[in-house]
Amino acid sequence: MRRLWVWVLLLAAPALALTGDEVLKRVEARPTPKTFHGKMAMELISKQGKKLTRELELWSKKEGDAEKMLIKFLAPPDVRGTAFLFLKKGDREEMKLYLPALKKVRRIAGGQKKGSFMGSDFSYDDIARLGSLKAEDFTSTLKEVEEQDGVKVYVVEAVPKPGVEHSYDKEVIWVRGDVFVPIRIEFYQKGKLYKVMTLEKIEGFAGGKYQIPTRLVMENVRTKHKTVLVQKDLELDRPIPDSVFTERFMKR
Amino acid sequence: MERLSRFATRSPYAVILLFLAVTLALGSGLFRLEYDNSPESFVPPDLPAKKLLEEVRETFGAGDVAIAALEGEVWNAEALAALRAATEAVAEVPGVLRVTSLANAKRMEEVEGELVIEDLLPEELSPEAIPGIRRYVESHPLYAGRLVSEDGRYAAVVLEVDAGVDNLALNRAIESALKAHWPGPVYLSGTPALSGYILETLRRDLPVQMSLAAALIGLVLYLNFRSRRGVLLPLLTVSVALVWSLGLGGWLGFKLGSISSILPVVVLAVGSSFTLHILNRFYHELAGGRGRSEAIWLSVRETGLGVLTSALAAGAGLAALYTSSVPQIKYFGVLAAFGVLVAFLSASLLAPAVLALLKNPRRLLDPERPDRVSRAMRALAPEVAAHRGRILLLAAVFLVLMLLLATRVRVETSFLAYFPKDAPPRVATELIDRVFGGTETLQIVVQGDLKDPALLRALYAFEERAKAIPEVGSAVSIADVLREIHKALTGTYGLPDTPEAVAQELLLYQLSGDPETLTQFVTEDTSEALVTVQVRSLPSRALEVLTQRLRALAEETLAPHAEAVRFTGTTVLVLEVMRLILHDQYVSLALALVLVAFFNALLLRSWRVGLVSVLPLGLTIAGQFGLMGLFGFPLDSATALIAAIAIGVGDYSVHIIVRYLEELRKGEAPEAAAATSLFVSGRAVFFTALAIGGGFLALLFSGFAPIRTFAELMGFTVGATAVFALTALPAALLVWVRRYRRGEERHA
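Quick note, the sequences are listed as chains Y and L, same order.
Residues in the first sequence are numbered from 1 upward in steps of one, following the numbering used here.
Residues in the second sequence are numbered from 1 upward in steps of one, following the numbering used here.
Hints listed in this document are in silico derivations from the structure and should not be mistaken for laboratory results.
Any given hint could turn out to be false.
Taking lysine-lysine pairs in the DSSO-like style, the calculated list, with each CA pair at most 27 Å apart, reads [stated by the list, open to error]:
1) K190(Y) <-> K106(L)
2) K104(Y) <-> K251(Y)
3) K487(L) <-> K104(Y)
4) K50(Y) <-> K487(L)
5) K25(Y) <-> K224(Y)
6) K61(Y) <-> K34(Y)
One side only, chain Y facing chain L, incomplete, derived with CB under 8 Å [as the list claims (entries may be wrong)]:
7) K50
8) L52
9) T53
10) L56
11) D78
12) A101
13) L102
14) V221
15) T223
Glycine is no exception: its CB is placed at the ideal position from the N, C-alpha and C atoms.
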């Protein structure tokens with residue numbers, strides 16, 4: 001009799017849990033702040049353990065289909081003042097660069113999205129999405145439901161649907177069931193594990209409305225190179241004037 | 001000795017079972033045998049250049065460089081698409097760390113006021129885009145002549161491969177990946193590729209050489225014994241020795257390389273002579289009317305001393321190679337010495353056990369019967385006795401002359417020299433040398449502040465001056481990358497003026513790819529940079545000169561601005577092998593001669609005899625090096641062994657000494673003793689020389705040039721030791737060893 005109950009529970013369990021698609025949709029549905037200002041400490045760690053730390057300040061703002069972002073390097077001293085400006089409106093993208101040593105602002109052709117974010121193991125795309133995916137573009141399956149520190153964790157495998165352009169050909173995402181924020185993502189390229197992102201610390205802002213990862217680690221499995229990203233002094237939803245996203249501000 | 005043979009004749013089954021058991025146990029090691037002929041298998045692990053190379057691999061993620069040239073018109077959309085597919089496919093091959101070709105090169109330039117950093121080849125390759133790409137590549141010093149030939153007829157795929165992988169499997173995987181996508185011919189070269197081709201030849205040659213050597217030795221044995229048993233029994237004993245030694249190698253985790261291909265032949269040739277001597281005596285005693293068991297004991301007792309002495313001497317000579325700092329030579333020495341000793345053991349145990357079980361042959365032929373050979377030997381004896389002074393003088397002149405010629409011997413360790421002129425790897429190497437300016441790479445690690453514009457200018461100056469040397473194809477470092485960035489940013493080629501500008505331009509470059517795009521040239525903390533110099537495949541001597549020149553240039557240009565400048569790369573390792581071989585030569589040679597003299601003196605109980613016994617050897621070795629000097633044969637990883645192996649094969653002269661002493665002991669006059677000794681043992685020496693020479697003849701069919709040279713020299717060696725053993729040796733004995741006290745006869 002007891003055995004039968006176990007069977008019933010086992011068979012019923014999947015029906016009670018969410019599907020992979022539902023998990024991704026919940027992640028996607030999380031609110032994101034309209035403006036973002038803060039500092040990032042980026043530690044690049046080589047295979048041999050050699051470290052290089054860069055610090056930058058970041059301003060970003062979203063208004064309808066327009067996105068604006070400014071990044072300024074604070075450290076190391078020799079790159080202090082180097083600035084990047086990204087402006088996006090609809091399909092139009094513009095990227096500008098200011099190198100203080102040359103005292104000139106240069107326009108840079110786009111197509112950097114897949115490239116490295118500020119020379120780290122993160123790509124722009126990784127930073128922008130932080131694990132969130134457009135659920136409708138992916139075929140997703142719930143692989144497992146784990147439990148970590150008393151919290152349910154969904155493990156979802158997401159494969160881009162045919163015709164969808166995506167940097168990776170597979171992602172396996174661990175999503176915390178209480179806040180629906182990814183905590184670990186494995187990125188696959190050409191069928192092989194390529195990078196692993198761990199969102200080590202997630203903090204609630206605006207009374208828990210925003211769940212922002214403040215310590216992230218990205219490891220390139222192939223090269224054994226690692227980047228640790230720490231976000232601090234965050235200001236969310238505080239108005240940022242448009243004058244910040246200008247050449248003049250870049251040079252300042 | 002005699003006790004052993006008595007045991008063997010009394011319990012033949014026990015002996016045979018014992019051998020069978022050990023053969024099975026050790027033989028299973030054969031399946032564990034691996035092959036390796038990388039430069040690493042030639043250099044000791046603690047060599048500074050090797051340690052630095054490992055550091056370079058770690059720090060810069062760099063591998064050993066192989067280069068593939070894809071032949072066919074490059075500048076059209078189909079070819080570039082094929083190149084892209086081939087590049088992607090080859091990047092997936094396990095063991096390939098990094099691939100560089102036009103297909104994954106970056107474009108960085110200013111287009112209509114916009115800085116463009118993107119992949120050189122756009123996703124969609126349209127025919128209209130080709131001229132623009134071509135113009136860019138041809139004006140780009142990092143790409144033109146390096147990734148595509150100047151005439152646009154060849155595309156290069158530069159492969160960095162992991163050290164310590166099976167180079168043969170890697171070669172095959174690389175070739176098939178490239179050929180699956182590129183329609184034209186594909187050529188592959190560079191040290192790792194050559195290592196792979198060497199392994200390929202090795203695996204093909206090894207069984208052929210072994211069977212050929214066995215067949216030739218068998219033929220000589222047949223001429224001597226005129227019976228099946230006389231052929232099969234010695235071959236059985238050496239096969240056992242071969243299985244034991246190769247199997248032991250497998251269990252000990254030794255890897256076979258080009259040098260190891262000599263191993264089976266050495267064991268076969270040297271080992272078969274042991275059984276030959278014992279069998280000779282056995283048939284002689286049988287023909288003299290003795291019973292089978294008694295004949296066995298007698299033959300082991302009488303020839304046993306000679307066989308033991310020569311086995312110990314051969315073992316010592318080969319084991320002396322253990323002092324070599326070249327791992328491959330070291331392992332060869334150990335296994336060959338072990339094989340020779342096992343051959344001795346099976347000649348004095350297994351052979352008697354088998355003989356005890358077999359019926360006596362119906363037709364008996366005394367091998368020591370006076371035949372044409374022994375009659376010639378008898379005729380030789382009075383001549384030697386009469387002209388002993390003149391013979392010794394002649395020998396002295398020969399020695400001096402050969403030593404003088406030996407000073408002209410040069411060392412050659414280039415992997416390319418392994419291959420005959422028309423072999424495909426050689427053709428590929430020459431082609432790539434011609435179109436892409438080189439197949440070998442030198443890696444130079446520069447330590448210092450890489451943000452210092454002065455050091456960067458020095459790097460660039462070094463490269464420019466290096467490239468002016470005809471043998472240098474290209475030189476690439478972070479300085480070239482910075483010049484490209486600077487050009488894209490400012491419109492003119494140049495290097496940034498301040499450390500800040502350097503740092504900022506480097507940062508910009510990092511944005512164009514993952515962190516690795518930069519760390520293959522400079523460490524993240526900009527404290528170390530890697531300069532990669534591509535040079536033509538050259539003979540060792542020329543390469544040494546070139547490296548010296550580059551070192552001097554680095555000293556002049558780089559050293560004043562850097563903390564340290566160090567050279568490495570597989571090319572440098574191969575040069576180090578050259579130095580090691582030369583150095584080892586003296587050590588192992590001296591040690592081997594001393595050991596042989598020592599063993600002979602010990603077993604024959606006379607220092608004087610010990611010294612005289614190495615005379616034929618000394619003369620032969622001098623002759624070998626003299627000939628190498630005379631004919632320009634290089635001293636390489638194979639010919640470096642000839643001296644040690646000469647000791648192994650050449651010590652059959654000990655049989656003449658043993659017989660001479662035996663006759664003296666019986667109270668014969670020295671002249672008569674020499675005559676008997678030549679008459680009886682001379683024939684055995686003659687046939688042993690033939691058998692051993694025949695064995696080594698098999699190596700003439702090797703696919704490696706050094707092994708063929710080795711075989712030619714071995715031909716001389718075997719002949720010369722025989723001639724010296726039959727002339728200079730008895731002459732010396734007649735001059736210096738005229739008495740042999742009784743009481744010295746008790747032996748093993």
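Hint by hint, here is what the structure shows:
1. K190(Y) <-> K106(L): Distance of about 21 Å is within 27 Å: holds.
2. K104(Y) <-> K251(Y): With Cα atoms ~8 Å apart, K104(Y) and K251(Y) stay inside 27 Å; holds.
3. K487(L) <-> K104(Y): 14 Å, holds
4. K50(Y) <-> K487(L): It is violated: about 30 Å lies between the C-alpha atoms, which goes past 27 Å.
5. K25(Y) <-> K224(Y): 32 Å, violated
6. K61(Y) <-> K34(Y): Roughly 6 Å between the alpha carbons, so the hint for K61(Y) and K34(Y) holds.
7. K50: 6 Å, holds
8. L52: 4 Å, holds
9. T53: 10 Å, violated
10. L56: At about 11 Å, which exceeds the 8 Å cut-off, the nearest Cβ of chain L leaves the hint on L56(Y) violated.
11. D78: 4 Å, holds
12. A101: 3 Å, holds
13. L102: 6 Å, holds
14. V221: 12 Å, violated
15. T223: At about 6 Å, which falls below the 8 Å cut-off, the nearest Cβ of chain L leaves the hint on T223(Y) intact, so it holds.
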